Amino acid sequence: MRYLPKSDSERRAMLDLIGVESVEDLFAHLPEEVRLKRPLDLPAGISEYEIVEYFRARATENANGYPCFLGAGAYYHYRPVLVDTVVSRGEFLTSYTPYQAEISQGTLMTIFEFQTMICQLTGMDVANASMYDGSTAMAEAAMMAVRATGRGRVLVARSVHPEYRAVLRTYSENQGMPVEEFGYVTAAGTIDLEELDRKMDDLTAAVIVQSPNFFGIVDQVRAAAEIAHRRGALLIVVFTEPVSLGLLRPPAEADIVAGELQSFAISPSYGGPHAGVIATRDKYVRQMPGRLVGQTVDTRGNRAFCLTLATREQHIRREKATSNICTNQALLALMASVFMTVYGKHGLRELAEQNLAKAQYLVGRLRPRFCGKSFNEFVVLTESKTPDDINKALLKKKIIGGLPLGRFYPELADSMLLCATEMSRRADMDAVAEAFQ
Amino acid sequence: MRYLPKSDSERRAMLDLIGVESVEDLFAHLPEEVRLKRPLDLPAGISEYEIVEYFRARATENANGYPCFLGAGAYYHYRPVLVDTVVSRGEFLTSYTPYQAEISQGTLMTIFEFQTMICQLTGMDVANASMYDGSTAMAEAAMMAVRATGRGRVLVARSVHPEYRAVLRTYSENQGMPVEEFGYVTAAGTIDLEELDRKMDDLTAAVIVQSPNFFGIVDQVRAAAEIAHRRGALLIVVFTEPVSLGLLRPPAEADIVAGELQSFAISPSYGGPHAGVIATRDKYVRQMPGRLVGQTVDTRGNRAFCLTLATREQHIRREKATSNICTNQALLALMASVFMTVYGKHGLRELAEQNLAKAQYLVGRLRPRFCGKSFNEFVVLTESKTPDDINKALLKKKIIGGLPLGRFYPELADSMLLCATEMSRRADMDAVAEAFQ
Amino acid sequence: MTPRVQPHISLHEPLLFERSSPGKLAYQLPELDVPAVDPSAALGADNVRSEIEGFPEVSEVEAIRHYTRLSTWNYGIEYGMYPLGSCTMKYNPRVNEAVARLDGLAWAHPYQPEALAQGSMEIMARLEAALAEITGMDAVTLQPAAGAQGELTAILMMRALLKKRGNPRKKILIPDSAHGTNPASAAIAGYAVENIKSSETGVLDVEALERIVNEDVAALMVTNPNTLGIFEENILRAAAILHAKGALLYMDGANMNALMGVARPGDFGVDALHLNLHKTFSTPHGGGGPGAGPVAVKKELEPFLPLPRLKRSGKKWAYDYKRKYSVGRVRAFYGNSGVLVRALAYILANGGPGLRRVTTDAVLNANYIRKRLEPYYDLPYSSRSMHEVVFSDERQAKQGVRTSEIAKRLIDYGFHPYTVSFPLIVHGALMIEPTETETKHELDRFTDAMISIAKEVETDPEMVKNAPYGTRTSRVDEVAAARKPVLRWKPAS
Amino acid sequence: MTPRVQPHISLHEPLLFERSSPGKLAYQLPELDVPAVDPSAALGADNVRSEIEGFPEVSEVEAIRHYTRLSTWNYGIEYGMYPLGSCTMKYNPRVNEAVARLDGLAWAHPYQPEALAQGSMEIMARLEAALAEITGMDAVTLQPAAGAQGELTAILMMRALLKKRGNPRKKILIPDSAHGTNPASAAIAGYAVENIKSSETGVLDVEALERIVNEDVAALMVTNPNTLGIFEENILRAAAILHAKGALLYMDGANMNALMGVARPGDFGVDALHLNLHKTFSTPHGGGGPGAGPVAVKKELEPFLPLPRLKRSGKKWAYDYKRKYSVGRVRAFYGNSGVLVRALAYILANGGPGLRRVTTDAVLNANYIRKRLEPYYDLPYSSRSMHEVVFSDERQAKQGVRTSEIAKRLIDYGFHPYTVSFPLIVHGALMIEPTETETKHELDRFTDAMISIAKEVETDPEMVKNAPYGTRTSRVDEVAAARKPVLRWKPAS
Ligand SMILES: Cc1ncc(COP(=O)(O)O)c(C=O)c1O
Ligand SMILES: Cc1ncc(COP(=O)(O)O)c(C=O)c1O
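Residue numbers (our numbering), protein chains in the order written: chain Z, 1 to 437; chain E, 438 to 874; chain S, 875 to 1367; chain H, 1368 to 1860.
Check before you lean on any hint, since a few could be wrong.
As the list claims (entries may be wrong) - Heads up, incomplete: computed chain Z residues facing chain S, CB under 10 angstroms, no partners named:
hint, residue
1, G150
2, A187
3, L203
4, T240
5, R300
6, K320
7, L381
8, S384
9, Y409
10, A420
Stated by the list, open to error - The following residues of chain E were derived to be distant from chain H, with all beta-carbon distances above 12 angstroms:
hint, residue
11, L630
12, G683
13, Q766
14, E848
If you're looking for bench data, these hints aren't it; they were derived computationally from the structure.
Quick caveat, the model's predicted, so the values are computed rather than measured.
Virtual Cβ for every residue (Gly too), placed ideally from N, Cα, C.
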């Protein structure tokens, strides 16, 4: 086997030194009953060439190269070549969590830069090294708010990504952390502030709002903050489309920001691996889940970095830890870092502007469902046709349309969520518009 | 511009230090008449995304993923992923010729290993660090033989790759180095030993034979050596398909071996860059063109490597150099090295055996033109159809057939050169056979 | 003659922000093919930010040099042995990277129509089946993003099952040798954690277990082989004890590298387990992640698996969202699909016989190290080792040298350290897991280094205590980092 | 406390052959889908070899570690400044690598039908047109594999033209500052070489030229800017002199990085020139190659371009092999197509205005270095510098320190050395070409290092003479290597 670097004579020499006859002797102490008496029912190993052929065949069973107007938490943005160049370096790709600082400064410094850039983007004081994804980041942010406030209840907007809310329910279920939802204004597609206000109470730990929200609309972060803070709750702002932060005011009124960075050079990869992140105010840092890198010095007095505040974490605090997270999404966070580096201050803004322009072009040719201001996603009415009909018609043209919303919002069964990014071509957008006629 | 790492304020500071007003002043000394008075007539620079799109579009205008039975000096072999992993490392990719040994030991050691593996494969004593390709390697080998023997005439077999012979003519033209050809035996497809013997004289510097020859046939190296050596000429053996050396006796009777290594993990790339190589006997090393790496020690007594015997080369000897070659094909030679490492002693043999088996399967279903023993290429008669008809029929099935030989050998207008490698699938070979029916 | 070596420029690579200069660009966007839009008009003026203060401004060449230079301060599997215990730092085949990047897979959107996602779905289905066979379990979910999330998922499922049976129960038993994620996951699922002490031979104390298990106990979480690298020989009895009381047996499968083709959790009473694809199944750690933590369960637990489930519908794969007992979602979409591709590629490459060979070579390597180092390092538990071996620093501590210092000294010998101070039940643990992908040569060099350090500890403990010496960064002050945390760069004010 | 640093294991990576052990494999082939064949039967027993003696036998992990470890002993553009004069070591954009690897391009066979090669042909046609515009010439061949082969190709064409005019003539004039490939190429084309001395200001001595040029002279080969980095201000007069005598003007375009968008050889009398795509047009050097050396010519020379030529045939590209005056082929197939893809990607990225900016920044950088180092190093020619600057070691030589030693010391400061001892007309040359892709910061660090070395030479010349100190390999004994060449590994006997 090509991955096994030993010849039989080497194995023999090792067994001799150990003092056993055969490799089976190393397993002789396993109780007879637990031993597998037959070979695994898996075919023999195949060559690298066949592996490549196998996955190539699978890849062609997926849509390939179709223009796609899906967003809803996973976005198509151009990935600069540099990103892959960097993460393909074995030094980043094949290293472990940087526990041993002296031999991991590369990873540590890139995480420190990541944390910094996330703070710059979100207006927060401190950011962690990554979470599994946006959905778990949101759930963990809620748990963090519960710890920080000593309260239990969580109010989440229905305009938050439905799958994120599902994850929140799963996580909260057994934690004495009741989750309630509040709606959106039918006309604007923004959160229903009145309902929120009504549902607020002094047991509420956090209010969760997404912006741009699941409908693509820039939501009422300031107003939500006011309501939440008035009752001593924290405001958690969620984002699924970080490109929006190139243009949108950072959610500076939030106490915790939880988001998904897939847009930053992470391929959609059929849903993962992506990269979540949590950012917050300094005062809540000890409640924060996930790894943190801090700056320090080495014995020569040179700047150095290391993992820090580990007493929050499971390997030290076990059942009292802020989270059970151990392995995170470091390499994806690095991809996001390289992306932020490549686009930089001007690029991220211009990128956001292009997304906005593309989406405005497309929405301008359709009938928007909501009147709220949208970034690169928006909900449209499908008029006389059903969303599925429109998508079918588009598929015939090898275009993947939008997300029919009935699945998540029965009241929006006549609507579809569309996303346009800098990669959306005008001709394809025209074809989409045509399919609505 | 993203490739230019200076901000305008930095440019200003630099101009100030230099003491000029503007960057134009740095060109003020150019005579007015030579200056270009207009912008270059080239469109403005485009984004990385557009560059990728442009080349993707071009790539789809080529054949994509068609099974292909062309060989004739460029072969389809599976490229292990490791090869690209290694050559994508900036340390190998972006370094220059290793003039500065202390900071180039990586490149130097890999070349030393390359030279060694080429010797092991060919049975020669010494090999150089690469030539442009097989064709120029052959031409340079001829010039080398001329230097080594003090004679001028070169005899080359017609069964040598026609384009290699064309290059030889171009190179020899003005060097007082008459090139003559000798034919092949019509039945066997091997060199016509009688004609060779007849054409030999005491002014002949070298006899050039390819094996497997252009028709894919294992040629008469030993007999050619005997004839050449009897008259004091050198024998140059050429190969275009190094995979054959996994199985074939090395051309140990040759004085010089010149070959093409494209088969060793170098993509066909529409004809280049590939990698030529020259190997020879110790006694001719000072006549050899191209770079050579030698083993030595550093001041601490540790093994080290450096470029050596540079007095053969143009930068030292100028018009008296053994060749004008400077930049060679180092990165491709490294690819070949990684390929040889991955396949190794057993793998190269098994690979050759598979090539043989595939070719035998295909030729077994067709009518071979020659009775000589062939490796993975062979010439077949197209019977009642023309080669072009057969290829057209195959193209309809999205298969690229063989090379019609009439273009290079008018007497073989009814024949086609086919190649099968380990990548040729049985079903596709069956389709090829069918097209001949 | 004094060398006076000047530091290499790449040893002084500053932070990105320190390298920035206004106006430098590393990007260019295509010209817009639609009309430009005024952001303030479209979004509302007070929704638009002015600029991203402090955000980097560098050129492309600076970007690539920055990250390339930083990369050289790291150590990876491709440099050499990385014997971090419990981490299974094996070679990460590069072909896995190549296939995960195929356009059709990497650029598949999670919501693209099922008919146009059959390739990705088939990959997941095939991986589920392979993992079920390897573990001897009945059903597998690939959704969890890492081992810890796998644990949580499984505990939620066990809870749901117990609840359906009438009583979700109150606590989960966890051996004191367990990984920290086990208790942390149990807590999120709303369970109290009760630690159980390991026996003198380093395994589960079944007598104690028998005493403890009652109707309050939901499950035992056991790692097998455990974190001492010892096979839990009483696992069948433990299962019987638990099952007799209506409790469940959960296995932390992080150490599955010791068992493939040799023994299957499903055959020794395990009801649920998670796997770490980023350990046993060779996906790269990427400096901390991503991973994937599939959970394999017995039939009984199947109804509770997270949503959605893959199901066959005619000749196609489809998603089943209508499963009323499901614990719900543990994350958005279907899992870390890109990691799953890599894991399947690894399984295909090895095949059944190959996976067994992986295990036997992994165990061979660990035992070789144990044999070579036993004369020099204290072995607190002498039970047979499987895929890893845990020493303690007892002898070296007499000279004042602790495991963490030996670890740093190992860096000077060209190796990444082993795992330090885990498992907690070994005072001053040196936890060494070579994996199967180390050559005999590398193992010899590694053990030579360890022996040499043991001797250095005798002759010059102070020297060892101040290691490493050969790295760009000398010993890092972690205490200072935590005392006054600096967690982001800020412009000098 | 003595550190006693032990060498990193990767500093001792042995040769592959020393790492081999019988039976280790890094490959697997698919099962044959056709009957196996007995090689002896198929090929004849005496045509079949027994084994490839000494060939490597390693596993995949050893292979990748071997090359990864070795790579870390190199220095590349992505590490930092690489100021090799005459080599134009600029940043090699990574997007070029990505596009050259697109399946449809990388896996195109040179003999696939023209109808199925239109993409590759279009790329070549577009590149030809762009290079013609940049150089101001009429036609371009992309066939030559590198600069030297470009020179040879062009000289053969000039010879063919002159021959057609009645007399191929006997010699080629070459300034003493020229690169070694110039005379070597002329010799292969059958010409005698006559060197002409440069003037005191480091340029062509046109008076001398006027005296020398006669009916025997086929051409003058001039590099512009020349290898001193100086623009040949009399180029127009030189052209006139040559043309008046029926001779031709050839330009070595290796230094085209100094002229793009500023001046075009076609506008100052050049009849033919070659370009180095691996210099000016950013394709990576790969430790020595590959390159590409297109030749651009004026109308008159077009009939002589190598075979085949791209031609438009309806809406398609086709190859024209019927060109009776062609000098024939200089290599198999059409050129280093993969390199051509990269060069076109670079031209597209920069565009017309961008290329001019490349040139102006390159010249700015060189002049900045010149200004900063002039107080410390002797500048033998004070003419204005273009893209590179050449100092001499005259001052340092007084302390016994030569350019080659200063170069080695530069390594300790984290830089690749400049070009040493070229051009030959400068005794002890330090030839420095920064290119446009260096930041001001890097230039400052570089010049600081050079200044620091100049001071070290004053205070401690011996120390400088034994540099480098910071590398794995200390000063290499090149003399020993040449005295008793060991050019391959052999098993210890
Ligand atoms: C024994 C054990 N259990 C659980 C885990 C947690 O897995 P993950 O890091 O993937 O969440 C680890 C990983 O470090 C482990 O070693
Ligand atoms: C001035 C000059 N001319 C010619 C050449 C030869 O080019 P190549 O190495 O591509 O053959 C070089 C390259 O070193 C050069 O610097």
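Quick rundown of the hints versus the structure:
| no. | hint | verdict |
| --- | --- | --- |
| 1 | G150 | violated, 17 angstroms |
| 2 | A187 | violated, 16 angstroms |
| 3 | L203 | violated, 18 angstroms |
| 4 | T240 | holds, 9 angstroms |
| 5 | R300 | holds, 5 angstroms |
| 6 | K320 | holds, 7 angstroms |
| 7 | L381 | violated, 20 angstroms |
| 8 | S384 | violated, 22 angstroms |
| 9 | Y409 | violated, 15 angstroms |
| 10 | A420 | holds, 9 angstroms |
| 11 | L630 | holds, 16 angstroms |
| 12 | G683 | violated, 7 angstroms |
| 13 | Q766 | violated, 5 angstroms |
| 14 | E848 | holds, 19 angstroms |
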